[in-house]
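There are 2 protein chains.
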Amino acid sequence: MNPAEEAPSLLLSERIRIALADEITAGSLVPGATLDEQQIGDRFGASRTPVREAIRQLSAVGLVEMRPRRGAVVSGFTTQRIIDMFEMSAEIEAMCVRLAAYRMNPMERSRLAQLHEDSLAMVEAGDIDAYDRMNWSFHQVIYEGTHNAFIAEQAMALRDRMAAFRRTQLRETGRPVRSREEHGDVVSAIMRGDGEEAARCMRAHMFNASIALERFTAKREEMGGG
Amino acid sequence: MNPAEEAPSLLLSERIRIALADEITAGSLVPGATLDEQQIGDRFGASRTPVREAIRQLSAVGLVEMRPRRGAVVSGFTTQRIIDMFEMSAEIEAMCVRLAAYRMNPMERSRLAQLHEDSLAMVEAGDIDAYDRMNWSFHQVIYEGTHNAFIAEQAMALRDRMAAFRRTQLRETGRPVRSREEHGDVVSAIMRGDGEEAARCMRAHMFNASIALERFTAKREEMGGG
DNA sequence: ACAACGCATCTTGCATACACTAGAACGCTA
DNA sequence: TAGCGTTCTAGTGTATGCAAGATGCGTTGT
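Those protein sequence lines, which keep their order, are chains L and C.
Its first residue numbered 1, the first sequence is counted upward by one per residue in our numbering.
Its first residue numbered 1001, the second sequence is counted upward by one per residue in our numbering.
Simulated from the structure, these hints should not be mistaken for lab results.
Errors might be hidden in some of the hints.
Stated by the list, open to error - Sample of chain L residues at the chain C side, in silico, Cβ under 8 Å:
| id | residue |
| --- | --- |
| 1 | Glu53 |
| 2 | Pro68 |
| 3 | Arg81 |
| 4 | Asp84 |
| 5 | Met85 |
| 6 | Met88 |
| 7 | Glu91 |
| 8 | Met95 |
| 9 | Gln154 |
For glycine and all other residues, C-beta sits at the position ideal for the given N, C-alpha and C.
Could you build the full structure based on these sequences and the hints that come with them?
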């Protein structure tokens, strides 16, 4: 019955952490809710100690926010926050592409161009899933083109967090075609080694993706959210 | 003598975390060294509980690695990775300052200028800890000046991960003075609303900090790590 | 009536004690 | 002597108790 009892091999604090993370992402623990250590401990049949350890971990991942001596609250995802995340994402992508334009070697540039070529067929066939996968490879090649392992890791992690939103925006009519055109601008700037211009193109690309998502979700909501 | 005793206002676990982070980045706790909770607790005159919390935090920021029931060991930081992290940090700071230069309102700009003014006394007094705290406020004002909560959070989180390294680099002779001069360039660009120039200044500032750290640790190593 | 102060209560932060496991050390057997 | 099983121990994981800080409310003074 209690989900924390299934895996006795895991540390108790780990099980609590996983369970709480699930509840937050699933929405049963709403943003702004305060986490009472004693209460959570009772719920899992544990003492406050492992609960504290779990909450510490969650705060490190950003799922909850801790205030010293004032407890922890679930952090929220408002529309404004999603917009903010898109802007951050845009800036990170711009940063990566700027560095990549200066540092990629001929082989890496060639691979990027090849990916862009291949994407044409997917767009023409209207295969959003394939294009989305290609999109991932496209950006990943750019990340690695920064020749900075830490930046590549962080960029990929952020992109992972945004993955759901990105895919959604591609469903707007005509978006894949324009998305690919914008990629073309980025590739062209990279080929010229113009990092600043590549960054500007990438910012525009991400901004357009954000707008597309907004329009798509707005339309979806007025249709009844089916 | 014990650096953990100077600020009774901070949480004990936080003080231990900061002290341990310092020792790791300064090299007195070498990569691979195991962290004995009891022993560390004795050293700080604390029990194992706050030590455990501190170690958990350190593992969250990647300074140590934890193996269940087998304790924590100091993670190995190759110099290349530290350089990569500093570059990422520099780019993030540049991004923030660029946005902030465009978006900060007069009150925020005023506060930033005031902080910069106040820092003069700390540099002249050679109070590295005070300057380090001011430094934090300085950058935090810039983060909030982006008017993007997500970016501000992420930037602060990254700064947390790098905090120990930053403090270390300030110990190089003459570094605080030059650090403050570089801040002056950034402030000046922000006041003019020149985001691109502010970003360039900030990149240079972070690059110099990275170099200072390299020089300091190199000197420390050849002296025998005392 | 409103504001400021002080108190009560609740929650977190820390200390201490106990339980349990992974490694090491030891002895036994082939 | 080498390999394996057992015991022992050091050190982590968890529980519980106590103290300090924060929030909310009631009281008092203006």
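Cross-check of the supplied hints:
1. With its C-beta approaching chain C no nearer than about 6 Å, L:Glu53 sits inside the 8 Å limit, and its interface hint holds.
2. The restraint placing L:Pro68 at the interface with chain C holds, with a minimum CB-CB distance near 6 Å, inside the 8 Å limit.
3. Below 8 Å, beta-carbon pairs count as interface contacts, and L:Arg81 has one with chain C at about 6 Å; its hint therefore holds.
4. Checking L:Asp84 against chain C by beta carbon gives a least distance of about 4 Å; that is within 8 Å, so the hint holds.
5. Here the hint on L:Met85 is kept, as its CB sits about 5 Å from the closest CB of chain C, short of 8 Å.
6. A hinted interface residue such as L:Met88 counts as satisfied when its beta carbon comes closer than 8 Å to some beta carbon of chain C; here the least separation is about 5 Å, so the hint holds.
7. Of the supplied interface hints, the one on L:Glu91 holds, with its beta-carbon coming within about 5 Å of a beta-carbon of chain C, less than 8 Å.
8. Hint on L:Met95 holds. Least Cβ distance to chain C is approximately 5 Å, under the 8 Å limit.
9. Taken as an interface hint, L:Gln154 checks out: its beta carbon lies about 6 Å from the nearest beta carbon of chain C, inside 8 Å.
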